[in-house]
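Enquirer: Take a look at the letters that make up each chain.
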Amino acid sequence: MSTHETSTQALGSREKPAKTARTVRLNVEQASFAYAASAESAPTFTLGATSFQARERELVAILGPNASGKSTLLRLVSGTLAPLSGRVELDGQETSRLDSRTRAQRIAVVHQESPILYAARAGDFVLQGRHPYGRALRLATTDDVAIARNALAQVGAEHLASRTIGELSGGEKQRVILARALAQQPRLVLLDEPTLHLDIGAQVELLERLRQLAEENQYAVVVVTHELALAAEFADQVVLLHHGTCLRVGSPAAVYQRELLEQVFEAPLDVELGPAGRPRVHLRAGRNEDAT
Amino acid sequence: MRPLTLKRLLWTCGALAVVLLACMVLALNLGAVPISVTDLVLNLGRVAIGQSDQLPTEYRLIVFDLRLPRILLGILVGAALSVSGASFQAMLRNPLADPFILGVSSGAAVGSILATLIAPRFTLITPLGAFLGAITTIAAVYFLGRREGELDSTTLLLGGVISASFLSAIVMFLMTALTGRDLRGTVFWLMGDLSTPIQPGLQWIFSVGLLAGIGAIYTTAADLNLLLTGEREAIHLGVDVTRVKLVVYVSASLLTGLAVSASGTIGYVGLLVPHAVRLLFGPDYRLLIPASALCGAIAIVLADTLARTVAAPTELPVGAMTAMAGAPLFIYLLRRGMR
Numbered sequence: 010m011s012t013h014e015t016s017t018q019a020l021g022s023r024e025k026p027a028k029t030a031r032t033v034r035l036n037v038e039q040a041s042f043a044y045a046a047s048a049e050s051a052p053t054f055t056l057g058a059t060s061f062q063a064r065e066r067e068l069v070a071i072l073g074p075n076a077s078g079k080s081t082l083l084r085l086v087s088g089t090l091a092p093l094s095g096r097v098e099l100d101g102q103e104t105s106r107l108d109s110r111t112r113a114q115r116i117a118v119v120h121q122e123s124p125i126l127y128a129a130r131a132g133d134f135v136l137q138g139r140h141p142y143g144r145a146l147r148l149a150t151t152d153d154v155a156i157a158r159n160a161l162a163q164v165g166a167e168h169l170a171s172r173t174i175g176e177l178s179g180g181e182k183q184r185v186i187l188a189r190a191l192a193q194q195p196r197l198v199l200l201d202e203p204t205l206h207l208d209i210g211a212q213v214e215l216l217e218r219l220r221q222l223a224e225e226n227q228y229a230v231v232v233v234t235h236e237l238a239l240a241a242e243f244a245d246q247v248v249l250l251h252h253g254t255c256l257r258v259g260s261p262a263a264v265y266q267r268e269l270l271e272q273v274f275e276a277p278l279d280v281e282l283g284p285a286g287r288p289r290v291h292l293r294a295g296r297n298e299d300a301t
Numbered sequence: 023m024r025p026l027t028l029k030r031l032l033w034t035c036g037a038l039a040v041v042l043l044a045c046m047v048l049a050l051n052l053g054a055v056p057i058s059v060t061d062l063v064l065n066l067g068r069v070a071i072g073q074s075d076q077l078p079t080e081y082r083l084i085v086f087d088l089r090l091p092r093i094l095l096g097i098l099v100g101a102a103l104s105v106s107g108a109s110f111q112a113m114l115r116n117p118l119a120d121p122f123i124l125g126v127s128s129g130a131a132v133g134s135i136l137a138t139l140i141a142p143r144f145t146l147i148t149p150l151g152a153f154l155g156a157i158t159t160i161a162a163v164y165f166l167g168r169r170e171g172e173l174d175s176t177t178l179l180l181g182g183v184i185s186a187s188f189l190s191a192i193v194m195f196l197m198t199a200l201t202g203r204d205l206r207g208t209v210f211w212l213m214g215d216l217s218t219p220i221q222p223g224l225q226w227i228f229s230v231g232l233l234a235g236i237g238a239i240y241t242t243a244a245d246l247n248l249l250l251t252g253e254r255e256a257i258h259l260g261v262d263v264t265r266v267k268l269v270v271y272v273s274a275s276l277l278t279g280l281a282v283s284a285s286g287t288i289g290y291v292g293l294l295v296p297h298a299v300r301l302l303f304g305p306d307y308r309l310l311i312p313a314s315a316l317c318g319a320i321a322i323v324l325a326d327t328l329a330r331t332v333a334a335p336t337e338l339p340v341g342a343m344t345a346m347a348g349a350p351l352f353i354y355l356l357r358r359g360m361r
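If you read the sequences in order, they're chains A and B. The working numbering applies: residue 10 is where the first sequence begins, and numbers increase by one. The working numbering applies: residue 23 is where the second sequence begins, and numbers increase by one.
This is chain B alone, in the form it adopts within the complex (with noise of 0.2 Å):
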């Protein structure tokens, strides 16, 4: 029996945290104009010990203003949509769940668009809008998903496929008809991408709003794991369903919709990340949860790196990147769960 300890959950933490950062670096070097490392870790090592007012301009403009900003942005983006995916996981019960496929991801980006449509001076209202949206498309998709009192794994799977396709089909109509036909915004909205930063003024609310999504959704850890061998079972042992259910599904609908607002709908992750973590540290949600964030965080700055330099100096949306991952691996694990 080798139980979970805290001393391998932090090494595990640990070695992930080195990898982002590494990627990081790659990241910041890699692009349309080629640094060198070595410049790359002096002005960054300059910048650690407060001289960042000796750093050449050009530096200052695409490292610290265009790269960094974008990989940040990135990391909020992979660690949000890969713990929310990992927790719909769990929660529905059901491999396959992850925000993009279940629609949420797509109803944030209508009520993000309608929020703004509605308020537009109101910068908070784009996140804000982006959240409601998610929580409404959850609660939609997880009732048609039932079946007599029961939730039904194909059901549900099909009602967030149509519920997605509905919600972009609604991105696309609000997009031409409302604000002009704007080709930038509608794939923004649809694919998803990390070329704009989150305005400055927002930048905390999305931190700590990531944060606290992660954290809440982690002080259920122990919770989901006897959730996943089923409801009864899981009250049986002593867990407080119905709080479990309101804290995971309104803080992994928090991370979506922040998300989404900052990037639009980057489909794919929730599911290709946890899979991922569970193949290499094991199913137990206490490790998977913190193990997601950082692989999501990696695995989408380095997906974004690869949009960026494979067909330079065009640029590809992330979206395009994670799906081309992301399709095959589901459709993998649909026929195996068929099997």
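If we strip away everything but chain A, and leave its shape as in the complex, we get (with noise of 0.2 Å):
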């Protein structure tokens, strides 16, 4: 069901030299997971095995429209959720085993923005990024702090870090939680849809500076997300999903053929290969009456 397609196939599309042996940090093997009401109860909701890997400095896209199994897969990848069959490894270790504060040393979850209660300080948010590494009550040591610096810097939002999260726009404040995620040293980033309350720019920008962390701090980043375009532009590796299904794994070129994102995505589609070898999706005109 699932073509595999190795990241360095899919880079050689892009004006980077390719790099061999790169290490797999990421190991999806024949994943799956169903919800179900009770123990006895038939499952509402089933995510077929899943298999996809994530090597270091890599961005893979999982995407699929509205219940396609996108968050279930995130929730089996973060170790939150333990998977029915098949294994989910983070550099050779289960991630569901992993205790919380393991995990959260390796991997770092962005989740849609969250409303923020109280007016914390952008700077105090990002350190809490250090929770998983101190103890009690974790006043920041001078090492806390200066990776905590870095990682603002390292989105662009030192200027931020005396502001509170709520004066900040919708840009910046998706640039802050990111910075607290960095700020956690993980060797996995996962997003689960960054772009969604963002404008065209700022989802742009979002997605060359995940690329270009990923390249300078060999994380391995997943995105979470139903924006074909952005993911065409973007990913390494898609891992296309459909009502539960794995449909498609592979490079943008690779998976994103007309016949099949019309179907999963159920709008007329036009598909074209960009100059850089990547495909370049539009809304087909003059047919959208039957587009949802």
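In case anyone wonders, no lab produced these hints; they're calculated from the structure. We treat Cβ as the ideally placed atom computed from N, Cα and C, and that holds for glycine. The reader is advised that the hints may include incorrect statements.
Here are the simulated distance ranges between beta carbons [as the list claims (entries may be wrong)]: (1) B/M346 - A/G210: 49 to 55 Å; (2) B/K29 - A/R106: 48 to 54 Å; (3) B/E172 - A/R218: 28 to 34 Å; (4) A/G165 - B/R357: 49 to 55 Å; (5) B/F144 - A/N75: 55 to 61 Å; (6) A/R218 - B/A191: 55 to 61 Å; (7) A/G101 - B/R254: 25 to 31 Å.
Using the supplied hints, reconstruct the complex from the two chains, each of which is provided in its own coordinate frame.
Expert: Below, the structure written as structure tokens:
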């Protein structure tokens, strides 16, 4: 069902020279899951066996429409759910078996922004990323402060440190949330629909930044999204999900086939190959009366 | 970037402790019988160096047998209610949470009255019943406040307010039908006042319970900061959310139970004090919890002094004072939240 492609092939389409022998960070092997109201009743949602790998410095997009199983797959990867069958391993260790502290030192998860109750300063918010490394009251050490400062610098938000979160724009807030994830010094960064509340400029900026960070810090990055165009432009690999089934795994060029995408997203689409070997997706004009 | 340091933590708490001490002296000084400050300091000094037998009898009676126990009770109740309010606000992710508004105080009152009716001779039963009443109520309100598996802020508050009104009606019923028409007792359970000192045998239990409750909540202070940004986020940052919930709900119920069984249902302290502390020192729970404990003590000591003196020689219940200040703040916060 799934066609595996190596990341070097996917990267070959970008201008970067092919890098060999990148270590596999994340290994998802035939992982499946089923939600049920109780142990006896029939499952209400199942995610069929899914396999893919993410190497260091690689950006993998989990792509699919609503209710396709993206969030479930993300929870399996993050280790907050244990797979019903198969394995999810980070550097050879099953993510669901790590204790919460160790897991937080290795995996950072960035969710869609959630409301923040009181006016915390951005700097203090980023310092929260050091939580899994501290004990008891977790008063910040000089190292913690340096790491948090560096994380803010990496997302270009040093100047926001003393502002309160409530004062920030959507894009600024997203950067501060990302900085908190970087302060965790993880090996794997997971993002759940990070572009949801951002305008297009901020979306492109965020994904470019993610690529650059993955390169600099040797993270593997996994992004859950339903943005076809963004995934095509920035992902090394795409995992395409539909109704809880993993349809394809591979480079955007290999996964983006018109009939397949039209069936999954239930909209008339045009797919063409762009100059860098990356597919371009457009909504087909004039036929959008049956588009959802 | 200006992260919280141990120095700032200790200086803030030290300064607040000094303010509390000053408020205690003021409260000892003021009352129906005026006492001069010099006499007071002199006599407090005598006690401090162990010469308490040299005290004039009227001093001993007014200052050390009447006013001081009342002030110490105020400190206990203020600290307990403020810390429990601050922790409910974090756990329920609701800035309007407070043991009184959520009905937890009324639940503790019902538990306390029932327990006393069942085993009147067993003194420990009053705080124990209050604790059980408090923990049952917060569990009930928590489940009432859930919608489609998520805590809904409005449903939670409505559930709390309705539970509070229902439980207050039960307090009225129990006080009038079962214990005879005891008006003073009814006012105590519905409004709260500090005129009944803790029974001598229970003083240690209350002190230890207070310190243990605040201490247990304080061990989760860093986790509470993360829970404010969401439960899911906290889990991903390595917080053992189940453990934190257990520790905080049990401890906050213990604190509310202790406060209510000693002073009835004094309202709005858990709302007023943490918000004032946030304005003064920021929202960091590592500072907010000890500062709320101290400011809560200061607030109740001052409120009670005011309640004793404003219409002297008649005493107002201290709960009336806190409600007069707290209810407008609640409305202000509610409207700010709606905008």
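Enquirer: Please flag the earlier hints that this structure goes against, numbers listed from lowest up.
Expert: Of the numbered hints, 2 and 4 do not hold.
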